[in-house]
Amino acid sequence: MKRSDSLISEIKKSLGSLIVSTHEFRGETTFVVTPAHIVSICKKLKQEFGFHFIADLTAVDYLGIKIPRFEVVYYVHRFGDDFDDHTRIRLKVPVDEKNPVIDSVTCVWKGVNWLEREVYDMFGIKFRGHPDLRRILMPEDYEAFPLRKDFDVKNRKPSQKCFERDLLEGNN
Amino acid sequence: MEKIQLVAEKERGDGVKEQSFILNMGPQHPSTHGVLRVVLHLEGEIVQKAVPYVGYLHRGIEKLCEHITYQQCLPYTDRMDYVAAINNNIGFVLAVEKLLGIEDEIPPRAKVAEVILSELGRIESHLLGIGTNAMDMGAVSAFLYCFKERERVYEILEMVCGARLTTSYPRIGGLPTDLPQNFEEVIRNFIKVFPKTLVEVDKLLTRNKIWLNRTKGVAYISAEDAIDLGLTGPTLRGSGVPYDVRKDIPYLGYEDYDFEVPVASDGDAYSRYLCRLEEMWQSLRIIEQAIDRLPDGPYKADLPDVVLPDKQKVYTQMESLIRHFVIVYNGFNAPKGEIYHAVENPKGELGYYLVGNGTGKPYRMHVRGPSFVNMQALPYMVEGAYLADVIAAIGSIDIVLGEIDR
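Chains as they are written, first to last, in this note's numbering: chain A, 1 to 172; chain B, 173 to 578.
Hints are computed from structural coordinates only; laboratory data are not their basis. Please note that the accuracy of each hint is not assured.
Straight line, CA to CA, 25 Å or less: simulated DSS-like cross-link-like pairs of lysine-lysine [claimed, not checked]:
id, chain 1, residue 1, chain 2, residue 2
1, A, Lys44, A, Lys98
2, A, Lys98, A, Lys161
3, A, Lys154, B, Lys235
4, B, Lys235, A, Lys126
All chains, full assembly: derive it from the sequences and hints.
Spelled out as structure tokens, the structure:
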């Protein structure tokens, strides 16, 4: 455990001012980083610190809770030199509601291709530089973004009213 | 393969006309293991380009879970990888326990039972994976041997939780009911009879000339590509990368069990088959150790806020009735925060990303399905190969569309 702790403080030092804030919850370290530098941060993590594997990429919609509204979440994994020293860290990137665009990290890890497509499909966040940004789970002619908080599950379309009602009733 | 579309016709030097065309494989095709559509650009029998289309089974599980309490999410999870439903259930339960911070409160009996059940799920899923992979290539007898044995696993699951396919068994905080009285006896019997089937499958396939020709060197993926693509499970270990969540980020006390992570280094369909076969032997080892140490005692945690009270008390005591009502109706309030919990599913790393907001419902639940990420490797595996190898590749990745589409 100690090795990963020292690694995390090393990363913190190396990334410096690119990290907006750090927090820890249930033993998982999260760095909130600036959206403009996400590709260079990921490249650095992969090349200098050996985070060759990305476990997960997703997004969360904090409508009415946080500004900027969206957060793209990366969960990267380091195997260690002999596959014996496993460290995971989470990167979070705030994305603005008016211009939901972020640089794609497909140039760092090929495996995020479908995960980024899923985020685009569900949240409408566009990934700049993605080789094949199309809807993946929903039909190609579908217009709404279903995992946004203002999506009405019952009528299957976006609805601000529905979101406000849910907020009043305490359903998220 | 329904629709054949002519794309281009070009003349070869010797005056013979050559045609390249697009072949639409699926969505309804038995060897795609569900409703998967792969658009294949063919030149003769060689695949130039393969584009998978998924989403035909999308049910919006992640969205649905935002509107229901944590316990109500559980039945949705076994509709993802329905071949190993119990592993999905256990993964979800562990993720919520991590979010609540109650992992240490779970009694040892529940943990050991969950280990046994998840290894049974692994055996069941690998039997299906190997059986259908062989059947797609014409070896129907191996499929029958595998399915015969799978039935035995289903009988055990039915005995434990009453359901065969959609188990929904463990609960947040332990097990809903104690294990049946003859559980130990049944498991010991299974340990005794199961190796026979494994040996039979081994004899049928491992040195079978046709099987070797169809899988050796087919659907190759290198170790570097496998890591870069985020592959996990036997698909990754078949390329020589010894990453297994059970060993490397242990949960449920897997660090106390003596087992090995089988690795094969050729990176082809045959290596992945060997990994699966050996993993079943290792699962059997784990089950044997677990049943030896299955302790008596409580099967659910003593957490009145999270765990439902005993049914008997609900009928006789006012306080228990109120507690029961509150937990069923409102759920329990999970703290504000986010966690990611991974378990080693038969197909790879299954991760749950949960965001709690202090209420009884998850603010966001994301499922990192192993099949979803592994499926990306298909174009890398089949481009430049024969059309028939696409079938071998899909079978060797061992996908379940319910999990890809969610």
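These are the hints, each one checked on the structure:
{"no.": "1", "hint": "A:Lys44 with A:Lys98", "result": "violated (29 Å)"}
{"no.": "2", "hint": "A:Lys98 with A:Lys161", "result": "holds (20 Å)"}
{"no.": "3", "hint": "A:Lys154 with B:Lys235", "result": "holds (11 Å)"}
{"no.": "4", "hint": "B:Lys235 with A:Lys126", "result": "holds (20 Å)"}
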